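6 protein chains.
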Amino acid sequence: MSKLKVAVIGCGSIAIHRHLPEYASNDSVDIVAVCDIVEERAQKSAEKYGAQAYTDYKQAITESGADLVSVCLPNYLHAPVSIFAAENGKHVLCEKPMATSDEEAQQMIAASERAGKKLMVAHNQRFVASHQKAREIIANGELGNIYSFRTTFGHGGPEGWSIDGANSWFFRKKEAFIGALGDLGVHKADVIRYVLGTEFVEVASMIESSAKENSDVDDQAVTILRSENGVIGTLTASWAYKRGEDNSTVIYGEKGNLRLEDDPDYSLIATFTDGSRVNYELGKIQTNDNGGQNSSGVVDHFVDCVLNDKQPLIDGEEGYKSLKIILAALESNETKKNVSL
Amino acid sequence: MSKLKVAVIGCGSIAIHRHLPEYASNDSVDIVAVCDIVEERAQKSAEKYGAQAYTDYKQAITESGADLVSVCLPNYLHAPVSIFAAENGKHVLCEKPMATSDEEAQQMIAASERAGKKLMVAHNQRFVASHQKAREIIANGELGNIYSFRTTFGHGGPEGWSIDGANSWFFRKKEAFIGALGDLGVHKADVIRYVLGTEFVEVASMIESSAKENSDVDDQAVTILRSENGVIGTLTASWAYKRGEDNSTVIYGEKGNLRLEDDPDYSLIATFTDGSRVNYELGKIQTNDNGGQNSSGVVDHFVDCVLNDKQPLIDGEEGYKSLKIILAALESNETKKNVSL
Amino acid sequence: MSKLKVAVIGCGSIAIHRHLPEYASNDSVDIVAVCDIVEERAQKSAEKYGAQAYTDYKQAITESGADLVSVCLPNYLHAPVSIFAAENGKHVLCEKPMATSDEEAQQMIAASERAGKKLMVAHNQRFVASHQKAREIIANGELGNIYSFRTTFGHGGPEGWSIDGANSWFFRKKEAFIGALGDLGVHKADVIRYVLGTEFVEVASMIESSAKENSDVDDQAVTILRSENGVIGTLTASWAYKRGEDNSTVIYGEKGNLRLEDDPDYSLIATFTDGSRVNYELGKIQTNDNGGQNSSGVVDHFVDCVLNDKQPLIDGEEGYKSLKIILAALESNETKKNVSL
Amino acid sequence: MSKLKVAVIGCGSIAIHRHLPEYASNDSVDIVAVCDIVEERAQKSAEKYGAQAYTDYKQAITESGADLVSVCLPNYLHAPVSIFAAENGKHVLCEKPMATSDEEAQQMIAASERAGKKLMVAHNQRFVASHQKAREIIANGELGNIYSFRTTFGHGGPEGWSIDGANSWFFRKKEAFIGALGDLGVHKADVIRYVLGTEFVEVASMIESSAKENSDVDDQAVTILRSENGVIGTLTASWAYKRGEDNSTVIYGEKGNLRLEDDPDYSLIATFTDGSRVNYELGKIQTNDNGGQNSSGVVDHFVDCVLNDKQPLIDGEEGYKSLKIILAALESNETKKNVSL
Amino acid sequence: MSKLKVAVIGCGSIAIHRHLPEYASNDSVDIVAVCDIVEERAQKSAEKYGAQAYTDYKQAITESGADLVSVCLPNYLHAPVSIFAAENGKHVLCEKPMATSDEEAQQMIAASERAGKKLMVAHNQRFVASHQKAREIIANGELGNIYSFRTTFGHGGPEGWSIDGANSWFFRKKEAFIGALGDLGVHKADVIRYVLGTEFVEVASMIESSAKENSDVDDQAVTILRSENGVIGTLTASWAYKRGEDNSTVIYGEKGNLRLEDDPDYSLIATFTDGSRVNYELGKIQTNDNGGQNSSGVVDHFVDCVLNDKQPLIDGEEGYKSLKIILAALESNETKKNVSL
Amino acid sequence: MSKLKVAVIGCGSIAIHRHLPEYASNDSVDIVAVCDIVEERAQKSAEKYGAQAYTDYKQAITESGADLVSVCLPNYLHAPVSIFAAENGKHVLCEKPMATSDEEAQQMIAASERAGKKLMVAHNQRFVASHQKAREIIANGELGNIYSFRTTFGHGGPEGWSIDGANSWFFRKKEAFIGALGDLGVHKADVIRYVLGTEFVEVASMIESSAKENSDVDDQAVTILRSENGVIGTLTASWAYKRGEDNSTVIYGEKGNLRLEDDPDYSLIATFTDGSRVNYELGKIQTNDNGGQNSSGVVDHFVDCVLNDKQPLIDGEEGYKSLKIILAALESNETKKNVSL
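Protein sequence lines correspond, in order, to chains A, B, C, D, E and F. Here our numbering is used: the first residue of the first sequence is 1, the next is one more, and so on. Here our numbering is used: the first residue of the second sequence is 1, the next is one more, and so on. Here our numbering is used: the first residue of the third sequence is 1, the next is one more, and so on. Here our numbering is used: the first residue of the fourth sequence is 1, the next is one more, and so on. Here our numbering is used: the first residue of the fifth sequence is 1, the next is one more, and so on. Here our numbering is used: the first residue of the sixth sequence is 1, the next is one more, and so on.
Derived from the structure by calculation, the hints contain no laboratory data. Be aware that one or more of the hints could be misleading.
[Said to hold, decoys possible] Computed cross-link-like contacts, DSSO-like style, restricted to lysine-lysine with a CA-CA straight-line distance of at most 30 Å:
#1 D/K324 to C/K337
#2 D/K255 to E/K310
#3 F/K321 to E/K337
#4 E/K173 to F/K321
#5 C/K336 to D/K324
#6 C/K324 to D/K337
#7 C/K324 to D/K336
#8 C/K44 to C/K174
#9 D/K321 to C/K337
#10 E/K336 to F/K3
#11 B/K336 to A/K321
#12 A/K255 to C/K310
#13 A/K321 to B/K337
#14 B/K321 to A/K336
#15 D/K336 to C/K337
#16 B/K336 to A/K336
#17 E/K255 to D/K310
#18 B/K337 to B/K324
#19 A/K310 to C/K174
For clarity, every value in this text was computed on a predicted model and none was experimentally measured.
With these hints in hand, go ahead and build the complete structure from the sequences.
Pasting the structure below:
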């Protein structure tokens, strides 16, 4: 069987640490094109993976013969490039947040549907074992009714991760549109929807940009959410957690609690009202500190969906639902009112 | 020197476990009166502490010769009894939340001022060593600018604490007015103001009453706060944390983090961006599980303020400021808007 | 509803520490008769539980109006007393090992069947949470094929447990018939059948009586078993483990291992070939050291089966199958051949 | 003094990881010949150690001028090559199991005796510090009478160790004759004889080959042993312990227990009936996981025996006694009877 | 056999917590007399142990028919009462320090020798398991040559131990003669002689009385010692270690170190230059905090020596040698010179 | 701004591991000259750091244009080379002990003063975080009055550190003058002065040279000190601590204790009489085992003092005061009398 061909658009950190090595280790795919506006970045990845280097994403998509396109660009380019790829008949794997507005997200979904191609958003946290196990426990009813939760994602900021360091597009509103909320918060919006198996209907939020110099985006946000079935909880995102990354989620239910990625030794700790406690060692979430996630499962899942015509776990609709929570948080901070979804 | 005389109004759990033993172990005070509408409860405490038993609080206050009055009653009685005591020339120590409305709180303050007597609200968490040490670290500038926080107080509910168990006034809106927010949330509103040394100006909140049967008050609340100097954070209160009490506070600053009552071994963990970490073992917060706090420091401080004519650390104004945060949370939940303070 | 009436025959340690308190705390039962050949023992329990004291078991069974009979006697009396009780129309809960020969066991089963009454054998280890969870994991196929196991039960001997200390019937072949194998080994024969969900077809054994003075029964036994589906493993029992009780079971499967009651902190540790590890804290097995098991679940289950006409989890057939393994071990030691079941 | 010369016959894993580096680091020896039927393997080791490469073991032994011969071949070749070496006047260090039958073992011993040369079997576990310390404790009588033991050696199989991986001779009965019992079980037969200082007289065993595909040898065995002085215990060997190697031994005695290589932190834990406990950190047993044992002490001891005309700790007779236990286990599994030694 | 009779002279803490209960639990002894100058103390112990109460030690010794006399008095009375007892034909067990001068010690020894009776000094630390094991390790040569040591005994002072609290004779030079050095230091002088198996020949010391009010004895001392075989080390004693008792000894030798009572978990940790480490859990030294040592082994040893005419482990000469070190320390502090022994 | 130029005299371990890399990583300094009597050592460092190599220290100092001189030579050369450098107008950083006699030290101080240049002694332990924090705690009065201390510095000897191994000048009295006391003891003399903020007035000492062959200097010393304000304590130094380096200090005060570098996990543990305990993780003292200290802070401080004309924390007077304690210890060992300072 001939291999699928992929074009990776954008050669920054997310491409280097995750998309490219994951495609390279998937036996069903050939990396045929890499593209970056900075030519030497494109060249470097091209050499490493035996691909063609491009600086024009349109050429990379149309001329490379790619079947798949990974969009690894600043947020404001997610929609236009994904739509262009879909319109040219490509399956698209787009980084999160999938877009910067409702309209963009809807257009992306529509474009892929018209093309009859897959659209997947790279919410890798759904593939983390503790999140999957927690979803299973809750779905099985082992916690009974769910009452509340807190979920957070914070670290010291993208300076140490982005290929451009402190000059990264992450800090510029024009390109990023959203700061910590878009970088980190949208992950937790997606994962808490996934784990609880419910949709949120109401959002209130407060946002600040006080911790970073030379930045005009939010660097911290505190948000409260209410679900359709009356679960309330907090979702926070921060680039101002200066000591250690925190990617934890705690869920409070009728029959016990779940602590996910909240303990140095255990991925998941389930405690029940009958006095029992179960500690799961399921492998740690990979952090930027240890080189970033390069075996996230995202690419393998995307390739599998294309090869076997499956619906991606995080398709355009799913990515859009998670995005809407973040957009609502931004709106709530502006209007000082709760926003209904 | 002759001893001060105190009348303790209400002989429920807070009186039994905290006020009465703390007065009894203070050498400057005699317990002269105890009062409860349930006569046998009054009798039992009267016998134990060699006091006179009353079932009418007015008699207890006016006929016992008391200098001090401790108000240990359901929330809706805090204001009327405190005001009555002040008007009869007594120094008043009132349980939290000090009142159930702005008007009540203001009247309490006014009554004590007119009488020239002390009014103190029993926010014992200010006397907890970890809270005091954290306040000192922040005031010293060791954390630099403060960015964010989360503070929570949750347990399985007052059923196991209240003298009336599941039939407690805690669950009846008419008497409690506020549920978990008034029982637990107001503690954290007070303590986060104290630790950060700042005032909050904006509150948003979502509240639910889903976890308790036979209750018409909130049993869980998630709240976000913004301070005058731009600190944002979450404050949550719950009677639906079914496994273990959580009374933790985490503070994120420019130079590090503080974790208060968030670790099984250490009362306070300070981590700094220079890589250092300081673990404080300062004695645990006493929990309902281990018999309740009976050496909270509240009574000793109150007595000291009366004896030496000092301003109580939590006087009426302080108690009122903490109350206003909770009242604003209730309002925000109703109006679905942020409430300014 | 009127309560069930129970007669407890034998007032030694197993009655005192387990049967009597468990019946006493079950709201559906009245203890109407206690019987012991040593009159003062019967009197003592009679007083404690408000029952009638007997020294003749036949009277205790027939004259007390009991619906249920617990047989808490030396091994050689299990069969005759159980049969007598069944023949008099009683439901019988008999201690383990249920009998000392095939014939006895078969007669017990037949007697209860004829009477249309329940017969249950008190193999309490089936009610231990780690054993139940392990059975569930294996039944779900989470371990894949099972290859091997080791299960053991050993401690320093019944001297410290039996009401007669070093003079106990446990050490006299005439009354006990079997030593450590009957006291401890039969528990593990039962529990390994239960956990693996398979039956054993072949037994080889070596037995010694070297560790106890003034004893003519086995005080240690090492046994190997083969199941119908080719699982092989070791089952050992000992009264010569002088330091600490060992009640552990380890199961080796295609996809991982289970360690039951083999760790000081965790009741069950499941390790899988995918690298994950799950530690279960499910409450410890109660040991003789900490006063014996007095909330084993055995009595509650027995009463529930009688009240609701359910089949006991360990009915006569089940108890007999576990006994046969022990009898085969004794035979193998004698014949120096493997014994087929 | 001129150095001894050694020829290493067989260049598989045991030669590469243990014999060759141990000879290389012994200052009294020169590696003069290496031999493997796969020429490139011989060449590779020859280059690394500056030796001559052979593909014919007879040439390697007779033409290299070697004084010593290490036999690192599949089991079925141990005897013929060892005998050939002895007949040609060489001291022989043979891997375990020394042979595949009584006759072979006896012939090996006889050949070396006739030649007046040393014969040593590479039972490295006797050189492990915990085994030596346990032997000393027992010999000193600190445990009093010994009652029982369990000893096991299991891991996931030789696939990851053998130079031929899943195609290794280890899985072929014609070449290996014995599987896990010969690879692992014979180690524990030897070490338990050594530690207890006693000989076994009776063996029963059950053996299965259910865990490996493409294998016709035993991959797991459970065995029970009785010693001349009435100690009974279990000896198990497995290639089906899928999670983690287990090389533990536990010994139960009158005055306490010894746990050898059974704890993640301590090589040996001695617990005594007087309540004391002694934890020995003596260096871990090296496992296949960490590259295999390459400082086992075996080669140094062999060289020392040759240089100073000492009797090897594991001479032919000792190796044979350990082998007989394994041969008896195989026989017992066939005959379903206990086998006397 | 008729029992030995003992008179215990002095009914303070050492008698109450150690001598009396140890005699009471020794089957070969009857407590016939107890004596204290405070009559009610004598009465209280007399009642508890069924003895005769005395306030005059001479009567207690001569009129009670005692065979043995325990001297549990302030230091300045050790010699006169011991001598009186010996002169009246009694075996004497005297508390430490045995005397307050060379002359007294010599007279005590002479008196017992003339009487042909035993004299033992109650240096209980020789019976502590870690000290005995360390002595054995050193005597076996396992540490090779010994180079140095540090040994200390310090706590917060005798206020919490003495029956007279802060008014104790311990703080009065006239009665105690020596403070912390006599209370604690002499223990370590004795134990370090015992453990090392050597005698000291040179002492230098600095002493202070700065930590206690209302005391005219030393409350802390730092001392250096040189042994006949060139071992040098520090011996310190203190009543000014305000947080936790420290009773540790560390010994440095050619082949490793020993840490005695220096670790919260292990009584003795032996580390060797070969990399091994052995942790001994031998039971903790009992501290004043946990009620004092009441199973020290001292009384049992004394009784055994009398019954079987053995030489006490710490006879008068041994006690005197340990005392001389302390007397030399006092002298060195005065003269500011090293003192030779 | 032009950079400072430094000449490093002596290219042994202290230069290689500390002075040279610290100068190299300081942006305000250029290493212009390196000097060693062994030419190849000078060459090697010259190449590594782009400096000029010298074998004559006078040339290195006068001809290189250096502003700064680091003296990294055997002890007996510290004074003459430092004086020569000062007389030639250089700022001097001299290794410890600064000299081998009072006269030398005084002349060094005088020479630098005459030249108007800085003289600093490289007592790096003052820069260790735990020492600084302890000094701060004591100075703040948090421990109240200080009563006593013990401070030690010991390891297995300089064999493994010195570039000459067992043939090092460290072992020759003519060049080292002092052994362990000068190598290690003077560090603790300096650091205990610094931490306590007091001066010592009296020293007694015992010294031995028993642990090293081929050495004529002290390899262990036990010393007692008394301060001007009555604090007494022990200071010990050793090259005979064969297992693990010990660089600990313990300080006993009125309100608690401090343990510095005495715990495997915490740099400093403060325990207070109010029951609280604070554990500081401040980074470990670097040991010879882990490559030596190469970020000691010494060079940065020296450079800062020169650049900004500050007084060095350890100037000549400070270094001299610490040296005097060691010289007094040597004298006390000779005279067997206390030496006053």
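Here's how the hints hold up against the structure:
no. : hint             : in the structure
1   : D/K324 to C/K337 : holds (19 Å)
2   : D/K255 to E/K310 : holds (28 Å)
3   : F/K321 to E/K337 : holds (23 Å)
4   : E/K173 to F/K321 : violated (37 Å)
5   : C/K336 to D/K324 : holds (18 Å)
6   : C/K324 to D/K337 : holds (19 Å)
7   : C/K324 to D/K336 : holds (18 Å)
8   : C/K44 to C/K174  : holds (27 Å)
9   : D/K321 to C/K337 : holds (23 Å)
10  : E/K336 to F/K3   : violated (54 Å)
11  : B/K336 to A/K321 : holds (22 Å)
12  : A/K255 to C/K310 : holds (28 Å)
13  : A/K321 to B/K337 : holds (23 Å)
14  : B/K321 to A/K336 : holds (22 Å)
15  : D/K336 to C/K337 : holds (6 Å)
16  : B/K336 to A/K336 : holds (9 Å)
17  : E/K255 to D/K310 : holds (28 Å)
18  : B/K337 to B/K324 : holds (16 Å)
19  : A/K310 to C/K174 : violated (71 Å)
Checked against the numbered hints given earlier, this structure breaks hints 4, 10, 19; the rest are met.
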